[in-house]
Every structure is written in C-alpha cells, then in structure tokens.
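Fit chain B to the supplied structure of chain L, relying on the hints for placement.
Chains as they are written, first to last, in the numbering used here: chain L, 96 to 375; chain B, 3 to 352.
Think of the hints as simulated: they come from the structure by calculation, not from any bench.
Owing to the predicted nature of the structure, the values given are computational and were not obtained by experimental measurement.
Do not take every clue at face value.
What the hints assert, rightly or not - Derived DSS-like pairs (lysine-lysine); straight-line CA-CA distance at most 27 Å:
1. L:K320 <-> L:K156
2. B:K109 <-> L:K283
3. B:K205 <-> B:K169
4. B:K205 <-> B:K184
5. B:K186 <-> B:K205
6. B:K75 <-> L:K283
So the chains spell out like this:
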Amino acid sequence: MKAELSARRQVFLYGLMCVLLIPFVFPTWWMVTSSVKPISDIFAFPPHLVPQNYDWTTYRKVFELQPFVRQYWNSAYIAALVTIGTMIVSSMAGYAFARIRFPFANTIFMIVLLGLLIPAEVTIVPLFQMFLKAGMVNTHWPLILVPIFGAPSVFATFIMRQFFVTLPTELEEAARVDGLGRFTIFRKIALPLAKPALASVAIFTFLHSWNLFLEPIVFLSSADKFTLPQALTQYTDAYGGPMWNIQLAAATLTALPVLMVFIIAQKHFVEGLAHTGLKG
Amino acid sequence: MAEVTLSKVRKSYGAVDIIHGVDLDISDGEFVVLVGPSGCGKSTLLRMIAGLEIITGGDIRIGGRVVNDLDPKDRDIAMVFQNYALYPHMTVGTNMGFSLEHRGASKAQIAERVNWAADILGLSHLLERYPRQLSGGQRQRVAMGRAIVRDPQVFLFDEPLSNLDAKLRVVMRGEIKTLHQKLKTTTIYVTHDQVEAMTMADKIVVLNGGRVEQIGAPLDLYDQPANRFVAGFIGSPAMNFLDGTITSEGFIAPGIVLPLPEAAHGFHGRKAVYGIRPEHFTLHDSGVPAEIVLVEPMGSETQVTMKLGETQVIGVFRERVALLSGATIRVRPDLASLHLFSNNGGQRLI
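Isolated chain L, as found in the complex (with noise of 0.2 Å):
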C-alpha cells in the first residue's frame, strides 16, 4: 500500500514537474531551432517544432552584421571585472557588518539594503549627469562601477553577511589567540570558508552583468563598444523590422556562457542560497 502511494506520488511529482518545465525549456527550444530556421518558416501556421528546412547562414551572418566578436569580448570582460569587484567589495563588507562592532553597523546596514529598493530606472539619469561630467559616456566604465557599487553589489553584500553571521565566533577567537590580525583573519579564516557563498554571489554577479540592458543603452553609443543584449537589438532590416533567425541565432550564441556557468556551478548556487535562509 505504501509503496503504491509512493510510486503514485512519484509519477504525480513527475507530471507536474514536465508541466512546469514547459515554460523554461519551450522559450529556449524555440530559440535555438528558429536560429536555424528560414525566417518564413519561423511564422509558419501550424509552427513546427522541429525545422522543416535549415538555414545555417544565419550564423554567419551574426557576425557580418555586427562586430559581434568584440562585442562578445565587451560584454565578457565587463561580466568578469564586475564579477571580482563585486566578490571583494561585498565580502569585504559583507564580513564587516557581521563581525566588526562599529557605531550604528545595523542601520548603516539597513540604509546599505534600500539601495536595493530603488530602481534603476530612478537613477540612471543622475547617474548619466555624473558620468557625463567625468568624461566616462561611450566608455565601459559605467558598466563596471555602477554594478560594484550599486543595487548588485548590495545583493550581494547581503548574501555575504548571512553568511558570516552563521560563522562560529570562537573560528575567530582561535585565530585571534594564534597570532591573527583582523584583516588576516577575513583572509585566510572567513573567506576560504565562504566560497558556497561566494560561489552564489559569482554568478548572480555574472548573469546580472551579462544581461544588463538598460545602463548599456544608456551609456554606449558606439557599435565596437555595445554588449550583447544591446547588439541583440542592432539586427534589423533596412525598415528597422527584426531579422528574427539572425537574431535568434545571436541570441542563443549570446546565452550559451550563461547556461555553462549555470550547468557548472548549480551546486554552489543552491548551496549558497541556502546559507543565506534564501529560497530560490
């Protein structure tokens, strides 16, 4: 009786799992076969699943059209230098809010978490005022600092403090007793010991940089400087309509890295999610 509730609840879970999977996997399957796809077939009624005729041009063509290659650098190398900055700045911080007593840490922490209640769209005209006067417009340095120091970087801030909350004190005092000065003690004590954080904090910081849309349409001007969600949108016929399998076939080269890092560090990820009593 119990095994046969149990193997019915099995194929329950199952079901509802395939059904939920319909949403994630659909949108991606359709982009990866429209890519290769002639564009009429894309709109063809009843669609197919599976294309009837491929085109595989069209990923030639993601590279004609634009600088597509550079622009794979722009958006990989801004991921990967927001991504260390962000790591430092908020274990740096992260660690101090949990552990260093100062004046007022808690509410200074709490202003730190509003800046995550702010969106972007309330701050980007400050934001390009400011960078405008520093001469840094049509450069990729907005795409750096903003997320460092910004909403993400708060995010993260936060995963960090959760974590080292949750660090026994005495790791500390023991270290403190062998001969450890604080910063020492962050080094070689407290951050070895929170990489499922940090993991965590990697890849939210990786996927928010690499799919940044609005601050690059704000700050770059130039084709040689765009980054990928940005050049996605550059793929358009001479009437401004989108040349959707070109596109698409951009598209799915442009979100291949993010699935890898996923596929790679899923572990830590859920890991990391769960140190901070987060759900995802």
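For chain B alone, kept in the frame of chain L given last:
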C-alpha cells in the same frame, strides 16, 4: 612557563558588574581549575586572561608582565575552546602548525614541532585528515595539539570536555592531566563539572556570581569548605543541609535532634545550618531514626534517600541496604566530619 596573577580584576557590561574584583595567584606550572555554576563568570574570567575580553579594572600579569592592553597573540598563551574551533578548511597538520606558520617559522621547524605534538597526542596517523573526518575525541586532541605546538607560557582550557560523552570525558581528563605532568606548563582550566575540578586540579577556584568563594587544594575544599555554597557545590552527591538551632541537647532540626561535636558548644542558642556529606553517615543501632524514601544500589555502595525528621537527605553506605521505602533505619553522623554554617550568609562556623 610563567606565573599568572590577577589583582582586583573587574568586568562590567554597562552598569552590570559581571566580575567583582578577583584576586588570584597562580604559580609557575600549576594546574588551576576555575569552577562554578553556569553564569558565575568563570569563562569570562578565562577570556579576560586570554585577551578576548577587555577588562574593566584591575591588572592581569603573565610572567610578571602586565598584559591588560596586549592582544591575545602577544600574551604568549594558547587556548583550547569548548567547540574545538579547528579551522575546517585545513588539515590536522596545517591546523596544528598554523600559528607557527603565521609567526614566520621555517617549514622544517613547523614540521618538527607538529610531529612532536602529534607523537605526544597520538595524532601522527591523522595529520592529513580534515577536522570533519575526525571523531569528537580526536578533534579535542587536535585542539590540544594546536595549543602545545607553540610551547606557550600558559594553557587556557574553556570547558574542553563538555561536548564529549561521559566515557570519553573520563579518558580525555586523564590525557590532559598526563599532558600537564609531561609539559609542566601553567594551566588554567574552566569547567562547571566539580568532578573534573576535583580530579584534575592542583588548586581549585570556586566562583559564584562573579566572586571568588574559595581557593584551595581539592581535598581542602572538600574537607573544609569556607561556606555553604562551596560545601554544596563540591562533592557528588552534594552535601546534605538541615536548618535548625544549636542547643545543649544537640542540633534541633524540624522533627529531629541531631548530635553535635564539642566544638559546637560555643554556639548554643544560635540558628545554623547542619552540613553532613552523604558518606559521613554510618548505620548504627544507637543512631537517629531515618525513614527510607528510596534505595539505589550502585554495586560498590548503596545510595539511600531518607528522611531525618522532616528533612530529606541522602546517605551513601558501603553496606548493602536491602530495605523498602517506608522502613526505618538508624544512622549516625560522623561528628569529626560535620560542618556547621551560619544560617545568615552561610559562613562556616566549625
């Protein structure tokens, strides 16, 4: 090795005083146990000696040097924590050699010291393992290894055995004592377990409410407790106490008159507390009547809960007492081992 001196050491959190001016002299190579109930301030005092807590007043000297404002690393002490506090991401060997590495010792020196400590503690085969791969006892030994590897002037132990099961605790107790005899390093050990204190210490410091109640050798505290608190805290099962009045006929407690020694004659008419340890009762036909409440045979001895008049007490007898609840036996207190305490403040009268 070094002597440790505490002079009028105080600790307050805001307006709340936690440690009320403790004076303590610990000789070079001595094994001193700080013991007391939860919240008595023993761990705080140890952490103040370690430099992990700032002191509010007084002086702490280690090896004649005032260390009040020194960081833990500059006090030349090593500490073993209750939860071991081993670095989870380092192997046993790295854990043990970490402080030496940080202090700039050469690889050869570190290896030599770590191997020496591992030999003493039987850890040589575990040096490549991580703390998570060790049992509780092994972790405790690694924590001790980390402490001894540096050859500090003073060892500080903060309830190091409280996470171990009863059997392992007895084994580790012996190992710590043996280690001390081997190294002869001044040791300050905190515990709430009076059996640990009695079996390990050269000198016991009994703390209560942030004050020192008594300092002395284990058996001195057992035989001559300075007050009712120490008398009740040291010894297991605990000392029995009966409230009553000292008279020429004896000690009049509710429902019974108990015999008194000659020395009590000077206190006639005074209200007091009659203190007698469970093992200081003997079965005797001319003794006072006691109604049995519960008999617990332990094999080597029998523990009997009984009523002396209206007060329930515990007696421990070498004889086997095969009687049921409600029966009456006659017991005689050993007058030479009797304690009388003031009923006001609990100070020892005789």
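Hints and how they fare:
| no. | hint | result |
| --- | --- | --- |
| 1 | L:K320 <-> L:K156 | holds (19 Å) |
| 2 | B:K109 <-> L:K283 | holds (18 Å) |
| 3 | B:K205 <-> B:K169 | holds (24 Å) |
| 4 | B:K205 <-> B:K184 | holds (18 Å) |
| 5 | B:K186 <-> B:K205 | holds (14 Å) |
| 6 | B:K75 <-> L:K283 | holds (16 Å) |
Comparing the model with each earlier hint shows no violations; every hint is respected.
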